[in-house]
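Using the sequences provided together with the hints, build the complete structure.
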Amino acid sequence: MGALLAASSCDLVLADPPYGFTEWGKLLQHCTASIVVLESNRQIGDVSGFSTIRERRYGRTFVAFLRHEAPSEGTVEAT
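Just remember that my numbering sits 71 ahead of the position in the sequence shown, which is counted from 1.
Mixed in with the good hints there might be a few duds.
The calculated label-pair distances, taken between Cβ atoms and stated as ranges, are [what the hints assert, rightly or not]:
| no. | residue 1 | residue 2 | range |
| --- | --- | --- | --- |
| 1 | 117 | 90 | 15 to 21 Å |
| 2 | 89 | 141 | 16 to 22 Å |
| 3 | 110 | 82 | 24 to 30 Å |
| 4 | 129 | 80 | 29 to 35 Å |
| 5 | 105 | 131 | 27 to 33 Å |
| 6 | 129 | 101 | 25 to 31 Å |
| 7 | 93 | 127 | 16 to 22 Å |
| 8 | 124 | 88 | 26 to 32 Å |
| 9 | 85 | 114 | 16 to 22 Å |
| 10 | 122 | 94 | 18 to 24 Å |
| 11 | 81 | 130 | 26 to 32 Å |
| 12 | 81 | 134 | 17 to 23 Å |
Treat the hints as calculated values from the structure; they're not laboratory data.
Nothing here was measured: the structure is a model prediction, and the numbers come from that model.
We treat Cβ as the ideally placed atom computed from N, Cα and C, and that holds for glycine.
So, in structure tokens, the structure goes:
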């Protein structure tokens with residue numbers, strides 16, 4: 072998680088944490104990447120600030136492709 076926080080800017084994040092990981096929102100709360108690809112042994116579900124583009128199952132592995140959502144008009148992003 073430290074590497075993700077240290078990255079100042081990136082377009083793509085590939086996250087393959089240990090199976091059983093469930094804290095996607097915490098992991099990605101500071102992520103500014105346009106696209107995020109997550110791998111898990113269970114369905115990933117909704118992640119705050121991201122919309123799911125595609126989610127696929129390959130045997131016992133789930134892979135989700137997420138797009139960073141732009142803030143709604145009238146909202147202020149915390150920095």
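Structure-based check of all given hints:
{"no.": "1", "hint": "117 / 90: 15 to 21 Å", "verdict": "20 Å, holds"}
{"no.": "2", "hint": "89 / 141: 16 to 22 Å", "verdict": "31 Å, violated"}
{"no.": "3", "hint": "110 / 82: 24 to 30 Å", "verdict": "19 Å, violated"}
{"no.": "4", "hint": "129 / 80: 29 to 35 Å", "verdict": "30 Å, holds"}
{"no.": "5", "hint": "105 / 131: 27 to 33 Å", "verdict": "28 Å, holds"}
{"no.": "6", "hint": "129 / 101: 25 to 31 Å", "verdict": "29 Å, holds"}
{"no.": "7", "hint": "93 / 127: 16 to 22 Å", "verdict": "19 Å, holds"}
{"no.": "8", "hint": "124 / 88: 26 to 32 Å", "verdict": "20 Å, violated"}
{"no.": "9", "hint": "85 / 114: 16 to 22 Å", "verdict": "18 Å, holds"}
{"no.": "10", "hint": "122 / 94: 18 to 24 Å", "verdict": "19 Å, holds"}
{"no.": "11", "hint": "81 / 130: 26 to 32 Å", "verdict": "29 Å, holds"}
{"no.": "12", "hint": "81 / 134: 17 to 23 Å", "verdict": "19 Å, holds"}
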